[in-house]
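If you read the protein sequences in the order shown, they are chains A and B.
Per the numbering used here, the first sequence starts with residue 1, numbered consecutively.
Per the numbering used here, the second sequence starts with residue 1, numbered consecutively.
Certain hints may be false.
Claimed, not checked - 25 Å max Cα-Cα, derived SDA-like pairs, lysine to any residue:
no., chain 1, residue 1, chain 2, residue 2
1, A, K72, B, A192
2, B, K252, A, E58
3, B, K252, A, N180
4, B, K252, A, R116
5, A, K72, B, K88
6, B, K88, B, I51
7, B, K252, A, Y192
Derived from the structure by calculation, the hints contain no laboratory data.
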Amino acid sequence: MLGNKTGGAGLVVLASTVLIAGCDGWMGETSGEVDITAMNADELAEYLVLETDSYRFEQEAQEGGSARERMKQDGIQAACSLEGDPDADTAGEVIAMARESYEEPPGGPRLGNWRRGAELARSGYGYRIGHRNDDHGSREPGGNCYACHQMDPAEELYGTLGPSLAGYGATRGNDSSVVNYVHQVVSNPHQYFPCTKMPRFGHNNFLTEEQIAHIMAYLLDPESPVNQ
Amino acid sequence: MFKKALLALPVAMAVGAAAQAGEWQDPNDVLQQFLQENPDSAYLHQSEMNIMMMPDNPALWLVDEGEELFYAKRGPNNVSLEGCDFGKGPGELDGAYVELPRYFEDTGKVMDFEMRLVHCMKELQGFTSDDAAVGQRHGNGSDIMKLTTFIAHQSSGMAWNPPLDHPQEQAMRDAGEKLFYRRGGAMDFNCASCHGDVGKQIRASVLPHVGTGPEWSKAVSWPAHRAGHDNVRSQNHRIRGCVWQMRHAGIKADTPVNTALISYWNDQARGEPAILPDLKR
Numbered sequence: 001m002l003g004n005k006t007g008g009a010g011l012v013v014l015a016s017t018v019l020i021a022g023c024d025g026w027m028g029e030t031s032g033e034v035d036i037t038a039m040n041a042d043e044l045a046e047y048l049v050l051e052t053d054s055y056r057f058e059q060e061a062q063e064g065g066s067a068r069e070r071m072k073q074d075g076i077q078a079a080c081s082l083e084g085d086p087d088a089d090t091a092g093e094v095i096a097m098a099r100e101s102y103e104e105p106p107g108g109p110r111l112g113n114w115r116r117g118a119e120l121a122r123s124g125y126g127y128r129i130g131h132r133n134d135d136h137g138s139r140e141p142g143g144n145c146y147a148c149h150q151m152d153p154a155e156e157l158y159g160t161l162g163p164s165l166a167g168y169g170a171t172r173g174n175d176s177s178v179v180n181y182v183h184q185v186v187s188n189p190h191q192y193f194p195c196t197k198m199p200r201f202g203h204n205n206f207l208t209e210e211q212i213a214h215i216m217a218y219l220l221d222p223e224s225p226v227n228q
Numbered sequence: 001m002f003k004k005a006l007l008a009l010p011v012a013m014a015v016g017a018a019a020q021a022g023e024w025q026d027p028n029d030v031l032q033q034f035l036q037e038n039p040d041s042a043y044l045h046q047s048e049m050n051i052m053m054m055p056d057n058p059a060l061w062l063v064d065e066g067e068e069l070f071y072a073k074r075g076p077n078n079v080s081l082e083g084c085d086f087g088k089g090p091g092e093l094d095g096a097y098v099e100l101p102r103y104f105e106d107t108g109k110v111m112d113f114e115m116r117l118v119h120c121m122k123e124l125q126g127f128t129s130d131d132a133a134v135g136q137r138h139g140n141g142s143d144i145m146k147l148t149t150f151i152a153h154q155s156s157g158m159a160w161n162p163p164l165d166h167p168q169e170q171a172m173r174d175a176g177e178k179l180f181y182r183r184g185g186a187m188d189f190n191c192a193s194c195h196g197d198v199g200k201q202i203r204a205s206v207l208p209h210v211g212t213g214p215e216w217s218k219a220v221s222w223p224a225h226r227a228g229h230d231n232v233r234s235q236n237h238r239i240r241g242c243v244w245q246m247r248h249a250g251i252k253a254d255t256p257v258n259t260a261l262i263s264y265w266n267d268q269a270r271g272e273p274a275i276l277p278d279l280k281r
């Protein structure tokens, strides 16, 4: 995991029994030093990700830490590695983890500048590594909201992985309860939607609190094109 | 009764095998069949332009170039790739591509197509990783993509049928399924974030669904000319692009995470004819 605000290291699920070190050329052509059929599928998947030199783990991640940290799972990622929706118990555990790890911004959630939010909602730049690594020094990362959501009804290119947010503020207003709720959803959405596809933009330090405030303004400001 | 059952068994097996393996078909014929049989698939029908271009798929140029490379005596050992066993015997290419990944006795592990091709170019022809012949993995100009396109084309229209008889094959396929659903990285994504539902879009692009056979067969039908890249791309290149967009860690070539994922991919397309080479957006 990346620079999680609350860590959650105690929740990391690893198949530690199979993570034996010293795998040069993983069951390579000279000798079968690891019997992959002795592991169950979960153990083998963890082994393949973390112990077979399949990734450029030495690279730096833009959020801090190494690429390896990105591929270690925290509690919510592990619990939500599911086909389909979580069962009731899992959903309850995920909601509890999300509530526990949610952080309000200093001074409480607020609305920023919707024009800046519009730019951030359209930008898919940032955090890509492996090859052609994104350079945050030359260009600010964005939230890429339009990849999954409709927002401004006049914008034709939008994804459908998430629900339409067109007119979101127009129907809900923007009193403090709405502002607080929207911040919780953008920052750590599993509090309300356990195992949602949506990234934890705040918790994962993917967006700054200032950027989240701008995107919230784009959603909730009565002047924003989203609400026209 | 017992005797009758014994006699019937080989017949049933032969019929089953024939129906599953299928005959070679032109890639455009396979695509047209998918389009006709799945009129409601937004993924399959999303690009009229690409459907129109399919008979003149630029990837077909690489087939001829790859054929020349395959039979040419090359490398420090000055031998052709006719001695390379992709699972059906040395030099036997018909249907080989759709029956990968598989376990190979000579290496003692499950290998995906590209891993096997590179293995042969090194072991038989004597190339090393420093040689462009195996070092350059991407782009129309690379030997790897020319060879990949030629060899894959010999399986066009045949049904995906990666073997699961060896315990390692089953283990890699099952681990690949876990990897498909394993969430991680800076955006908490897994492969199913984009490929778990039917007809969803990222921006304007309609995504293939892992549980819908014809969509998934087309989705994993690489090599394909990728119109947006103006280059022929491989399954491995698709994986690399997906993990890059998912904000996972960068993935390396010839590694078992690739093999496991492709084992699951191709198993999910099992029974559906492959489009080789395909043309994608």
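Hints versus structure:
1. K72(A) x A192(B): Answer holds: K72(A) to A192(B) is near 18 Å, not above 25 Å.
2. K252(B) x E58(A): Distance ~12 Å between K252(B) and E58(A) Cα, so the pair holds.
3. K252(B) x N180(A): 42 Å, violated
4. K252(B) x R116(A): 37 Å, violated
5. K72(A) x K88(B): 38 Å, violated
6. K88(B) x I51(B): 32 Å, violated
7. K252(B) x Y192(A): Status violated; Cα separation ~37 Å.
When held up to the earlier numbered hints, the structure conflicts with 3, 4, 5, 6 and 7 and fits the remainder.
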